[in-house]
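A.B. asks: Two chains, two separate frames, one set of hints: put the complex together.
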Amino acid sequence: MPKIKLPTKSPHIDMTPMVDTFCVVLTFLMLTTTMRQPEPATVDTPYSISETPIPDFNSMTFLLSTDGKVFMNFDNGPDTLLKYRPKILTEMGKRYGIEFDERELREFEKYPSSIGVAMSDMKAFLDAKDASTRKEFQKGIPIDSADNQLAMWILYARQVNPNIQAVLKGDSKTGFETVEKVLDILQDKNVNRFSLITSLEAAKINLEEIQQ
Amino acid sequence: MAEVIVEEKGKGKRKAKKHPPRIDMTPMVDLMCLLITFFMLTTAFSKAKVMDIILPEKIKDPTKQEAPKIVASRTLNIILGPDNKIFTYPGAVKPEEFSANPPILPPLTETDFSAEGIRKLLLEKNKALFRKINEFNDQVLTGKLKISQDSAKSTISLIKKEDDTGPIVLIKAYKKANYGNFVDILDEMNICGVASYMFTKISWYEERMVEMATGMTPTATASSSN
Chain A
713 MPKIKLPTKS PHIDMTPMVD TFCVVLTFLM LTTTMRQPEP ATVDTPYSIS ETPIPDFNSM
773 TFLLSTDGKV FMNFDNGPDT LLKYRPKILT EMGKRYGIEF DERELREFEK YPSSIGVAMS
833 DMKAFLDAKD ASTRKEFQKG IPIDSADNQL AMWILYARQV NPNIQAVLKG DSKTGFETVE
893 KVLDILQDKN VNRFSLITSL EAAKINLEEI QQ
Chain B
121 MAEVIVEEKG KGKRKAKKHP PRIDMTPMVD LMCLLITFFM LTTAFSKAKV MDIILPEKIK
181 DPTKQEAPKI VASRTLNIIL GPDNKIFTYP GAVKPEEFSA NPPILPPLTE TDFSAEGIRK
241 LLLEKNKALF RKINEFNDQV LTGKLKISQD SAKSTISLIK KEDDTGPIVL IKAYKKANYG
301 NFVDILDEMN ICGVASYMFT KISWYEERMV EMATGMTPTA TASSSN
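The listed protein sequences correspond, in order, to chains A and B. One gets the working numbering by counting positions in the first sequence from 1 and adding 712 to each. One gets the working numbering by counting positions in the second sequence from 1 and adding 120 to each.
Here chain B stands alone, though its shape is the one from the complex (with noise of 0.2 Å):
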C-alpha cells in the first residue's frame, strides 16, 4: 500500500508532476486503531450500580430495647442458611417457647434462590400489593397515565405504604451465608415489591433451628446460651 514513487533511470527528462504527492495514512490508521482499542478496554463505561439499604437503628442500652411490635400471622422469617440455602418458617417463636427445655421450635421450609423457590413464595403472599404496583407501572409504561418518573417512584412507594396485607419479612443470616445471598434476598424483596421488610440479627434458637435442619452439630454458642 505503501506509495513509494519510484524514479524511473531513464534517459531524459522526467515529467513534472500534477497531482500533489499523497500522503499514506496507512500506519497513522493503525496507530489510531490501536489507541482505540486500548482506550475502549480499558474504559470502565457503565458506573456501577448501588442498592441502597437502612438498617435499624442500633440501640445500645440493653434495658431500653423492645421487641418489635408486629403482627405476627404476616410475620414470615427468612433466614439465609449455609450452601445458597434459604429457610423460612411464619410466626414468631414465643418466649415461653423457646425457653422450654427441650425447646419448642416450628419446623423450617428449605427454599432456594430460583424462581421457583423464595420468589414464587413472595409472590404468592405479596399478590394483593405486587398486582396493584404491577398495573401501575402498567399504566405508565402505556402512557394511559402522564407521570414523571419521579412522582411515579413516589407514587409507587406510597402504595406500598398503605398496603396493609402483604407480609412484613424478617430477614437473619446464618453465620456460613455469604454476601451474594444477602444481596440476593434484598434483591428479591425489591422485585416482589415487598413493602416492609427489615434485616436483624439472627436469634440463638434460630441458629439451632438452622443446625437442626441441615443435620449440623450444634455449634457451641447454641448449646452453651441453652
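Bound-form chain A, shown alone (with noise of 0.2 Å):
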C-alpha cells in the first residue's frame, strides 16, 4: 500500500479575518478617541460615588493643583463658530489693555489644555513657539486680593456664556486654603453652584449592621 503523501509545505494561515476585525476596531477607536490633554499640572482626583458624567460644553474647569495655583480652562461652547474662548480672551485683553492678533486668538483659541498665565504674560505665552517655552509661563493665575485676575476670567466667561457652569478638579491632596480661596472668589461673583469631578468608585456598606 503506497504511503499518504504529507504535504512538506508549512500551512497557510488566512490572516484576511483578522485583519478585518482589527480594520473595524481600529476605525472604531480612530473614531471615539477624543485624545488626552496634557495638563500643566498632574491631579489625582478623590473617588466618589457620583455616576453624573461631567458636562460636555458650557463649562470652565479650575485645576488646583497640590503647590496651591489655579489653572483654568473653558470650552468654545457647543458650536465652535460661537468662539467662547478668543472672546474671552478680546474681554481681558481690554480689561487690561492688552490687544491680541488674530493668530494670538486663534493660538489661545486652540490650546488643548488649562492656562495658569497672567495677563502680563499672556502674549509672550502665545507668541512662544515650543510647547517647553509655554510650560515656562503656566506659573497660575493670580489670586491675591490684589490683582485678582481669576476674578475677571470668572466675570468675563460668564459675560461671554451665560450657560457657563463651573468645575472643580484638585488633587485630593491640595491644601484646602487654595479651595476656600477659589470658591470665596467664585461666591464673590455669585456662583454657587460647583461641580467636583472625581472617580467612580463602589460605596459597601453593611445593611444587617443598621438594621439592628
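The reader is advised that the hints may include incorrect statements.
What the hints assert, rightly or not - Here are the simulated DSS-like pairs of lysine-lysine, each with C-alpha atoms no more than 25 Å apart in a straight line:
1. Lys321/B with Lys717/A
2. Lys885/A with Lys167/B
3. Lys822/A with Lys167/B
4. Lys321/B with Lys885/A
Treat the hints as calculated values from the structure; they're not laboratory data.
C.D. replies: Listed below in C-alpha cells is the structure:
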C-alpha cells in the first residue's frame, strides 16, 4: 500500500478575517477617541460614588494643583462658530490694556489644556513657538486680592457665555486654603453651584449592621 | 511566514501557477496591532464623573447676615481637621459660651473616614431615613415597583425633603484639611443619604477647638479674636 504523502509546505494561515476585525476596531477607536490632554499640573482626583458625567460644553474648569496653583480652562461652546474662547480673551485683553491679534486669538482658541498664565505674560505665552517655552509661563493665575485675575476670567467667561458652569478639579492633596480661596472668588461672582470632578468608586454599606 | 516564491533553477519550463499569488498580510497585521495599542492607550474612554454641590449664597452685607435658624438638637457639626482627621460635636455653641473668658467649648469627638468611623456615626443618626430610601431602592431593583429612573430619583429627593428626623449636618474645614477630605465628606453625605447638609465657613472658636483637640499651639488669628 502506498504511503499517504504529507504536504511538505507549512500550512498557510489566512489572515484576512483578522485584518478585517482589526480594521473595524481601529476605525472605531479612531472615531471615538478624544486625545488625553496633557494638563499643566498632574492631579489625582478623589473618589466618590457620584455617577453624573461631566458636561460636554458650557463649563469652566478650575484645576487646583497640589502646590496651590490655579489653572483655568473653558470650552468653545456647543458650536465652534460661537468662538467663546477668543471672545473671552479679547475681553480680558481690553480689561488689561492688551490687544491680541488674529493669530494670537487663534493660538489661544486651539490651546488644548488649562491655562495658568498671568495676563502680563499672555502675549509672550501665545507667541512662544514650542511647548517647553510655553510651560515656563504656566505659573498659575494670580488670585491675590491685589491682582485677582481669576475673578476677571470668571466675570468675562460668564459674560460671554451665560450658561457656563463651574467645574472644580483638584488633587486629593490640594490644601483646603487654595480651594477655599477659589470658592470664595466664585461666590463673590455669584457662582454658588459647583461640580467637583471625581473618579468613580463603589461604596459598601453593611446593611445588617444598621438594621439592628 | 513571508512567502517568497523561489524560482527553481531547473531545466525546462516552469509550470504555470494555478492559484493567484497570496499576499502576505503579516506586516499589515503587525502595523494594525501597533495602531490599536496606541489608540487604546491614548483614548480616555470613561468620562470623568462630577459631584454637584450648591453652597449657600454669600451675603455681602454683614449687617443682614443672620445665624441660620436650625434646631440645635438635630445639628451635627463636622470639622475636617489636619491629617485626615474628622472632629464632630453635636448642637451649637451659644454666643455667651464662646465669648466667656475662658470660653466654654464643647469637647470634640475624633473620628476618621473609614467605614467604622464617620459612616457609622452618620448612619446611626440617619437610620430612619436611610432605611426608607433603601426600602424604596429595593422595591425598584426587585421590580415590585415599576418606575423610570428619573422619577425614582425625584421620589428619593421627595423622601429626603419630607424627613424630619435625620441630622442637619454642618460641614466645616480647618485650614490644614485638604481637598480630598472635602470631597470624601460630601461623598459620605451622599452614601448615607443625609437629607440636609451644608458647607459653611469655620468660626474662630471652632478653629480653637480643633487646635486644643490636636494639641497644636493656637494660631495668631484665634488668639487675637479672643
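A.B. asks: Within 25 Å, alpha carbon to alpha carbon, are Lys885/A and Lys167/B?
C.D. replies: Between Lys885/A and Lys167/B the Cα gap is close to 22 Å, so the pair holds against 25 Å.
A.B. asks: Holds or violated: are the alpha carbons of Lys822/A and Lys167/B at most 25 Å from each other?
C.D. replies: Holds. Lys822/A to Lys167/B sits at ~21 Å (cutoff 25 Å).
A.B. asks: Below or equal to 25 Å on CA atoms is what counts here, so check Lys321/B against Lys717/A.
C.D. replies: violated, 89 Å
A.B. asks: Between the alpha carbons of Lys321/B and Lys885/A, is the straight-line distance 25 Å or under?
C.D. replies: holds, 20 Å
In this structure, only the earlier hint numbered 1 is contradicted, and the remaining ones agree with it.
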